[in-house]
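Start from the sequences and build out the full structure, keeping to the hints where you can.
Residues -19 to -1, 1 to 210, numbered by mature numbering (1 follows the signal peptide of the UniProt record, and there is no 0), are exactly what the sequence shown covers, in order.
Any given hint could be a false lead.
Claimed, not checked - Simulated crosslink set (BS3-like; lysine-lysine; CA at most 30 Å straight-line): (1) Lys53 to Lys121; (2) Lys140 to Lys121; (3) Lys53 to Lys41; (4) Lys135 to Lys121; (5) Lys146 to Lys135; (6) Lys140 to Lys126.
Claimed, not checked - Distance windows between CB atoms, simulated: (7) Glu58 to Leu143: 50 to 56 Å; (8) Ser120 to Leu143: 32 to 38 Å; (9) Gln164 to His54: 24 to 30 Å; (10) Ser120 to Asn32: 42 to 48 Å; (11) Ser80 to Glu58: 33 to 39 Å; (12) Lys202 to Lys41: 19 to 25 Å.
By construction, these hints were calculated from the structure, which means they are not laboratory data. Ideal placement from N, C-alpha and C gives every residue a C-beta, glycine not left out.
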Amino acid sequence: MRTLSLLLALFLVTGAIQAQDNAISIHSSASVELPADRIAFNINLNAEATNPQEAFDLHKEREEVLLELLKKHQIEEENIDFEPIAISRTNVHRQDQESRIRTRQSVTLTLSDFDRYEEIQVALIESGYDEFNGNFVSSKAESGKDEALRQALKTAREKAELIAKESDLQLDGIQSIDFSYNQSPPRPMMEMAAFQQDRSQSSLISEYGQSVSVSASVSVKYNFRPLEN
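Below, the structure written as structure tokens:
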């Protein structure tokens, strides 16, 4: 069972006193490590032919193969995202070469069963697909953003109070707040399953938990006044 607890990372905080407008500006960041309990599995469908119709027909054939795999492995509709088919003509560098038509379509599966990811990966290779990859993601990303923002605001307040105290000032409300979120690129999956001779063997995916980092940054401008005696 993968732990669902949030692990708070260290905070990076910087501050500056801006006396010219009677304000103290504090910049603060906080990061949260979330359990990677899902895999975003990206699959690219491609086809190439001498004319648009032939390329489109070939693409539809490959699309049908993928649809059968999704049905076989019982992938729910809400866990499937895809882009429309894109068709383009390739550049020809030699005059004696005939131009080619290529299609491209991106399909993303969201899987919570890591064993199913390995099974589908093997099935794709056996069916002739060779352009796909997986990334760890977390279902707790939104709550992680809230927690990171909460911690960044808390730290900004603490630092503002410290700076004001050491400068013989007193905080007098907030003038403005700006904030932003950032999620570190998901850790890529190692494409190992397709090369396992013994399917009963353990893998890195099944043996070791992974995490996704979400961070929030805030810039808070506090009003101040001279410390009252």
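Verification of the supplied hints:
At most 30 Å may separate the alpha-carbon atoms for a hinted pair to count; Lys53 and Lys121 meet this at roughly 28 Å. A distance of roughly 29 Å separates the Cα atoms of Lys140 and Lys121; the hinted pair therefore holds under the 30 Å criterion. About 18 Å separates the Cα atoms of Lys53 and Lys41, which keeps this hinted pair within 30 Å; it holds. The straight-line distance between the Cα atoms of Lys135 and Lys121 is roughly 21 Å, inside the 30 Å bound, and the hint therefore holds.
Taken as a hint, the Lys146 and Lys135 pair is honoured in the structure, with Cα atoms around 17 Å apart against an allowance of 30 Å. Note on Lys140 and Lys126: the hinted pairing holds, with a Cα-Cα distance of about 21 Å set against a maximum of 30 Å. Between Glu58 and Leu143 the beta carbons are some 53 Å apart, a value that agrees with the proposed interval 50 to 56 Å. Checked against the given bound of 32 to 38 Å, the beta carbons of Ser120 and Leu143, roughly 37 Å apart, stay inside it.
Separation of Gln164 from His54 is about 28 Å and conforms to the stated range, judged on CB atoms against 24 to 30 Å. The hinted window of 42 to 48 Å between Ser120 and Asn32 holds, with their beta carbons roughly 44 Å apart. Between Ser80 and Glu58 the Cβ separation comes to about 37 Å, which falls inside the hinted range of 33 to 39 Å. At about 57 Å, the CB distance of Lys202 to Lys41 disagrees with the hint of 19 to 25 Å.
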